[in-house]
Amino acid sequence: MAINFFKFLITACVGVCIAMSALAVEPVADTAQTVRIEQMQNELSEDQIKAREKPRKEWINKAPEQRTEEPREINQKWQKHKRWEAMTAEQRAEKRKEMHEYWEKMPPDERYKMRERMKEHWQKMSPADREDQRKKMHERWDQMSSEEREQLKLDISRQKRLPY
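Reading the sequence shown from the start, the letters are residues -2 to 161 in my numbering.
Please keep in mind that the hints were generated in silico from the structure rather than gathered at the bench.
Be aware that a few hints might be false.
[Claimed, not checked] Here are the computed lysine to aspartate or glutamate pairs in the DMTMM-like style, where the Cα-Cα straight-line distance is at most 25 Å:
| id | residue 1 | residue 2 |
| --- | --- | --- |
| 1 | Lys77 | Glu136 |
| 2 | Lys150 | Asp129 |
| 3 | Lys116 | Glu95 |
[Stated by the list, open to error] Pairwise CB distance ranges (calculated):
| id | residue 1 | residue 2 | range |
| --- | --- | --- | --- |
| 4 | Lys47 | Met103 | 32 to 40 Å |
| 5 | Leu149 | Met103 | 15 to 23 Å |
| 6 | Tyr109 | Asp152 | 13 to 21 Å |
| 7 | Glu144 | Arg49 | 24 to 32 Å |
| 8 | Arg53 | Gln148 | 41 to 49 Å |
| 9 | Arg155 | Gln73 | 56 to 64 Å |
Built from N, CA and C at the ideal position, the CB exists for glycine as well.
Given these sequences and hints, build the entire structure.
Encoded structure:
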């Protein structure tokens, strides 16, 4: 008798649990999700939508050969980075020298504008990106030889003496 009572009690508990879980679950409509996406798209202004669609349309209208010939801006930056990494220390020093000469010959108002753009770029970065950039700079400093460190210090002091 006691065993039958426990079987009945366990069966009743399981039945109640199943019934409650079945009643608690609401069916998720796919249309609700698509409506939300459409609402988000509607929140964008027409200019933003056109700006997003323009590069895609340009890319689609190109022939496959043209698509591969024209690298994107990110790809160009990556190519520059790879070229820089492939350079020897002497080539890098020469390139730095050319860049500093270009900077020194630049008119003060252009230098000021460029500096402002660099500040804006830094401010637009997320805090995590800024922290990553700082870490990279510290790692680079730690990996530099003493001659490279001295050269960098000279370059920085030379920049400070230039009129902005």
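Against the structure, the hints:
no. : hint                        : in the structure
1   : Lys77 / Glu136              : holds, 20 Å
2   : Lys150 / Asp129             : holds, 22 Å
3   : Lys116 / Glu95              : holds, 23 Å
4   : Lys47 / Met103: 32 to 40 Å  : holds, 36 Å
5   : Leu149 / Met103: 15 to 23 Å : holds, 20 Å
6   : Tyr109 / Asp152: 13 to 21 Å : holds, 19 Å
7   : Glu144 / Arg49: 24 to 32 Å  : violated, 49 Å
8   : Arg53 / Gln148: 41 to 49 Å  : holds, 45 Å
9   : Arg155 / Gln73: 56 to 64 Å  : violated, 28 Å
Checked against the numbered hints listed earlier, the structure breaks hints 7 and 9; every other hint is satisfied.
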